[in-house]
Amino acid sequence: GAGVSQSPSNKVTEKGKDVELRCDPISGHTALYWYRQRLGQGLEFLIYFQGNSAPDKSGLPSDRFSAERTGESVSTLTIQRTQQEDSAVYLCASRGLAGPTDTQYFGPGTRLTVL
Amino acid sequence: AQKITQTQPGMFVQEKEAVTLDCTYDTSDQSYGLFWYKQPSSGEMIFLIYQGSYDEQNATEGRYSLNFQKARKSANLVISASQLGDSAMYFCAMWNQAGTALIFGKGTTLSVSS
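For the protein sequence lines, the chains are A and B, in the order given.
Just so you know, the first sequence maps onto residues 44 to 158 in my numbering.
Just so you know, the second sequence maps onto residues 13 to 126 in my numbering.
Derived from the structure by calculation, the hints contain no laboratory data.
Note that the structure is predicted; figures quoted are calculated from it, not measured.
All residues carry an ideal CB built from backbone N, CA and C; glycine is no exception.
Hints may contain errors.
To be verified - Here chain A is said to cover these stretches of chain B; the calculated rule only asks that three of the stretch's residues, wherever they fall, bring their Cβ under 8 Å from a Cβ of chain A:
no.	segment
1	43-55
2	112-124
What the hints assert, rightly or not - Once the Cα atoms are required to be at most 27 Å apart in a straight line, the calculated DSS-like pairs of lysine-lysine come out as:
no.	chain 1	residue 1	chain 2	residue 2
3	B	Lys82	A	Lys100
4	B	Lys28	A	Lys100
5	A	Lys100	A	Lys54
6	B	Lys82	B	Lys118
7	A	Lys54	B	Lys118
Construct all of the structure, not just a fragment, from the sequences and the given hints.
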């Protein structure tokens, strides 16, 4: 079946503009995660959605960051008033709960560049 | 709190040789799992192998195996018979205490030469 997809693959924006990043999880996966990866670094957790439960927003770096997900479908990550330090690759992952490893499957990421 | 440490920023190996990528972890949980992911230059994160803390045997997946030493809190990835396509960044990870996200190490860049 199809994997996790993300759009756009690349986004260049000017400082101060808002951006919206989209993630389509694997069908049937109830859990969805957003991570940020700065150049040459590991992944930083941003937010986690599990079904209809309240999301875990503990990783969001500031109130300029927000994310939504309706049910078990698409999620959008919104960054308001972008800053240059927001430049990074934003990775989305989804996870089903039936697999023995409970692993996350990642999308290809959105590379955000803030000028 | 959970923590993953990867102390090798870069590793170099020749084709067909084996290489070990180090990972140590810290957790107070009795039950936990450790993951390894590969990230080629294209950027996608590719799941490689998983080790559960109660698994009796070290995990293996093809050319990948995990040298799991629970008492030392280490979960090193062993790649046998390296190939040029193995050149990538490798990340070790485990679930955070809440079980809501993976915590990643800083990664190791592996370069395979012919």
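Going down the list of hints, with the structure as the test:
Chain A is given as covering the segment 43-55 of chain B, and this holds because 5 residues of the stretch bring a CB closer than 8 Å to a CB of that chain, at least three being needed. Beta-carbon proximity to chain A at under 8 Å applies to 8 residues in the segment 112-124 of chain B; the threshold of 3 is reached and the given coverage holds. Our distance criterion of 27 Å between C-alpha atoms is broken by Lys82/B and Lys100/A, whose separation comes to about 31 Å. In summary, the hint linking Lys28/B to Lys100/A is not supported, as the alpha carbons are separated by about 44 Å, beyond the 27 Å threshold.
A distance of roughly 23 Å separates the Cα atoms of Lys100/A and Lys54/A; the hinted pair therefore holds under the 27 Å criterion. Under the criterion of a C-alpha separation no larger than 27 Å, the hint pairing Lys82/B with Lys118/B is consistent with the structure, at around 21 Å. Distance hint between Lys54/A and Lys118/B is fulfilled; the C-alpha atoms sit about 25 Å from each other, no more than 27 Å.
Hints 3, 4, counting from the list given before, are not met by this structure.
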